[in-house]
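Since the structure of chain A is already known, use the hints to place chain B on it.
For the protein sequence lines, the chains are A and B, in the order given.
Plus 105 on top of the position in the first sequence (first one is 1) and you've got our numbering.
Plus 105 on top of the position in the second sequence (first one is 1) and you've got our numbering.
Keep in mind the hints are simulated off the structure, nothing from the lab.
The reader is advised that the hints may include incorrect statements.
Stated by the list, open to error - Below, in silico cross-link-like pairs of lysine-lysine (BS3-like), each with a Cα-Cα straight-line distance of 30 Å or less:
(1) A:427 with B:272
(2) A:427 with B:402
(3) A:272 with A:249
Said to hold, decoys possible - Facing chain A, from chain B, some residues (calculated, C-beta under 8 Å):
(4) 281
(5) 286
(6) 289
(7) 300
(8) 399
(9) 430
(10) 439
(11) 443
(12) 451
We treat Cβ as the ideally placed atom computed from N, Cα and C, and that holds for glycine.
2 protein chains.
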Amino acid sequence: MPRTITVAAAQMGPIAHAPTNPGGPASREPALARLLTLLEDAAAQGAQLVVFPELALTTFFPRALLTDAADVAALFEPESDAPGAPSIVDSPHLQPLLARASALGVDVSIGYAERWTDAAAPQTTTDYNTAIYYSARTGAVVAKYRKVHLPGRTTMLPPGSAQQLEKHYFTPGNLGFQAFRIPGVYDDSAGHNTPQPIAGMLICNDRRWAEAWRCLGLQGVELVLCGYNTSDYKPQEPGSVQEQTELALLHHHTSCQAGSYTNACFSVHVAKAGVEAEGAGGGLIGGTVIYDPLGRKVGETATLGDELLVATLDLDMCAQPKQTIFNFANHRRVEHYARIIEQVGVVEPPL
Amino acid sequence: MPRTITVAAAQMGPIAHAPTNPGGPASREPALARLLTLLEDAAAQGAQLVVFPELALTTFFPRALLTDAADVAALFEPESDAPGAPSIVDSPHLQPLLARASALGVDVSIGYAERWTDAAAPQTTTDYNTAIYYSARTGAVVAKYRKVHLPGRTTMLPPGSAQQLEKHYFTPGNLGFQAFRIPGVYDDSAGHNTPQPIAGMLICNDRRWAEAWRCLGLQGVELVLCGYNTSDYKPQEPGSVQEQTELALLHHHTSCQAGSYTNACFSVHVAKAGVEAEGAGGGLIGGTVIYDPLGRKVGETATLGDELLVATLDLDMCAQPKQTIFNFANHRRVEHYARIIEQVGVVEPPL
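Same shape as in the complex, but just chain A (with noise of 0.2 Å):
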């Protein structure tokens, strides 16, 4: 049987930021009602699979120092593995769009800020950017993600500087990089024996290290989903906003790329993109993408707006060159990489 998957790349415009309350309530509804209209239009074209930005159901509030704590929590989706907490397909921001998935027989794949308690220690919570894979086929989350490499700092820049607080918002993932088999994408009835596809998330700045793309790899991952918000201009770095813009989606494009390529592995990256704020950071850029195993560009969009790139993946074609070239068990020299885990930052020779 041909092991094909017809994936849609769900670029969504900006959700617009209110400066007093940004991301909050009042934006809700429209970011799902187009989340919604993304669906449909992907389920016309025969999309298997929808995976929608990081964030996707909010601005990107990394942006701004949010000091009313309501207002944060406002944009966050509390879940617990508390007995009798709800689970996140129950949260009144997804469940109308999973809902709809599961009709369509569609499955999803979208990043949220994710509030977690944790049963034993319900006293306090944890705050993660986080992506789900859910299966219209099981109606579950089967496999979630929490962005490892959070990019930024905890405290602000000078004014008019283009703040990125990640590192603030947010605690590292702590769920390493796991692949997972797509389920139900093949006829596994009886005499039928396909395997499943091995997918696995990352999250935007994730895409820019090789370890996470690695980490993927080693588990045969086929197709890779990466969702981002990434910062078109920031005044405080050299360049105009023409040049800094292209160079971004220059250091967007080359790391997808590069990773797709040296995992032998398909690749969708999935922008929120336009205008979200005025000012400094307030823009993102576009450049939705699929790669393929050999680093080719499938297909790109063209706008900063909702935009829906659909394409049929052969995802035989990533067996060649684990094979060969980026066959890991011939060509990995594993005792020469030590220093891979050992040292976490630079140690210079001496002068």
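Just chain B, lined up with the frame of chain A:
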């Protein structure tokens, strides 16, 4: 003091492959003469360092299986740490080049086939695909690198295929990825404290492996030097000659660009190019290129022959990305990278 260095990437055209004696003694003298011409031209253009390709003294012999031990021995430079054994800088195939480099005050990085005899085990030899960094100022080899990621196979593919037998000819390098300071580039007399450049070497296929780049990046590398011999067409793989050549160049560039960008360093990639032998596997891509720490192309050669690409690189450009987006101490999460060391090959999620 500005931390610039003027580098010449000295692309070589093909070194003729005599069918009965590939790369044998007859081809050594013309190759050396060409190296000397490139060195003179580079010095005349102000180069402080000339980077030559992988296996720059011979044809890329791993495309053929040589069965005569004397033919093979003729392609290698003998080296040993036995007392009184001659140094590599005394090799008749290199000495004239390095002596002229010293006279010109130009450093040289160059690749060659090394046949190593360990004084502690003089009955056996070990063959490596090696590069050295020779300092004109100190008159010594200040760094040696032995290729870690040997591509290809130990045995032949069916006749008509392009062969890649590096795993037959060479042992994987045992020196790891050691960055080093290039001595004496900046005046280090009293009162000057300009740090000397931090460099590292890779060879050919290593540039496709993010682990190799990261090991250098974790040492603060500012300048990666990498020679290569990369096949343009393999009959056993899909696509026309033109399609495969374009794809080989794409893979070359995305690997070099992503490696430079994600480790915030300059990198210099130097081809042996053109048709070295008739038939499958005899043609090599060009594309000698320099990338900057932001992943931008500084320059690229235009031919498949002997050609210099000279550029003055401002190493202080590395600082901004090393301190922000690729500040490893701030952003890396080594607790999630264990798989990179603990696992050589792929472990797929269960079916």
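(message) Does residue 451 (chain B) hold up as a contact with chain A if the rule is Cβ-Cβ below 8 Å?
(response) Result: holds, 5 Å to nearest chain A Cβ.
(message) Hint validation: residue 286 (chain B) versus chain A, beta carbon distance must be below 8 Å. Holds or violated?
(response) Holds. Min distance 5 Å.
(request) Measure nothing beyond the straight line between the CA atoms of residue 427 (chain A) and residue 272 (chain B); if it is 30 Å or shorter, mark the hint as holding. (result) Within the cut-off at roughly 18 Å; holds.
(message) Next item in the hint list is residue 281 (chain B). Is there a CB on chain A closer than 8 Å to its CB?
(response) holds (5 Å)
(request) With a cut-off of 30 Å on the C-alpha distance, tell me whether residue 272 (chain A) and residue 249 (chain A) pass. (result) holds (20 Å)
(request) Using 8 Å as the Cβ threshold, decide whether residue 430 (chain B) counts as touching chain A. (result) It holds, given that the least Cβ distance between residue 430 (chain B) and chain A is near 7 Å, below 8 Å.
(message) Is the interface hint satisfied for residue 439 (chain B)? The criterion is a beta-carbon contact with chain A at less than 8 Å.
(response) holds (5 Å)
(message) Checking hints one by one. Is residue 443 (chain B) an interface residue toward chain A, by the C-beta closer than 8 Å rule?
(response) This hint holds: residue 443 (chain B) lies near chain A, its Cβ roughly 6 Å from the closest one there, short of 8 Å.
(message) For residue 427 (chain A) and residue 402 (chain B), compute the direct alpha-carbon distance and say whether it is at most 30 Å.
(response) holds (29 Å)
(message) Would the hint on residue 399 (chain B) be counted as holding, given a Cβ-Cβ threshold of 8 Å to chain A?
(response) Holds: closest Cβ of chain A sits about 6 Å from residue 399 (chain B), inside 8 Å.
(request) Using 8 Å as the Cβ threshold, decide whether residue 289 (chain B) counts as touching chain A. (result) violated (13 Å)
(request) Grab the minimum C-beta distance from residue 300 (chain B) to chain A and call the hint holds if it beats 8 Å, violated otherwise. (result) Nearest chain A Cβ about 6 Å off; hint holds.
Going down the numbered hints, you'll see the structure goes against just number 6.
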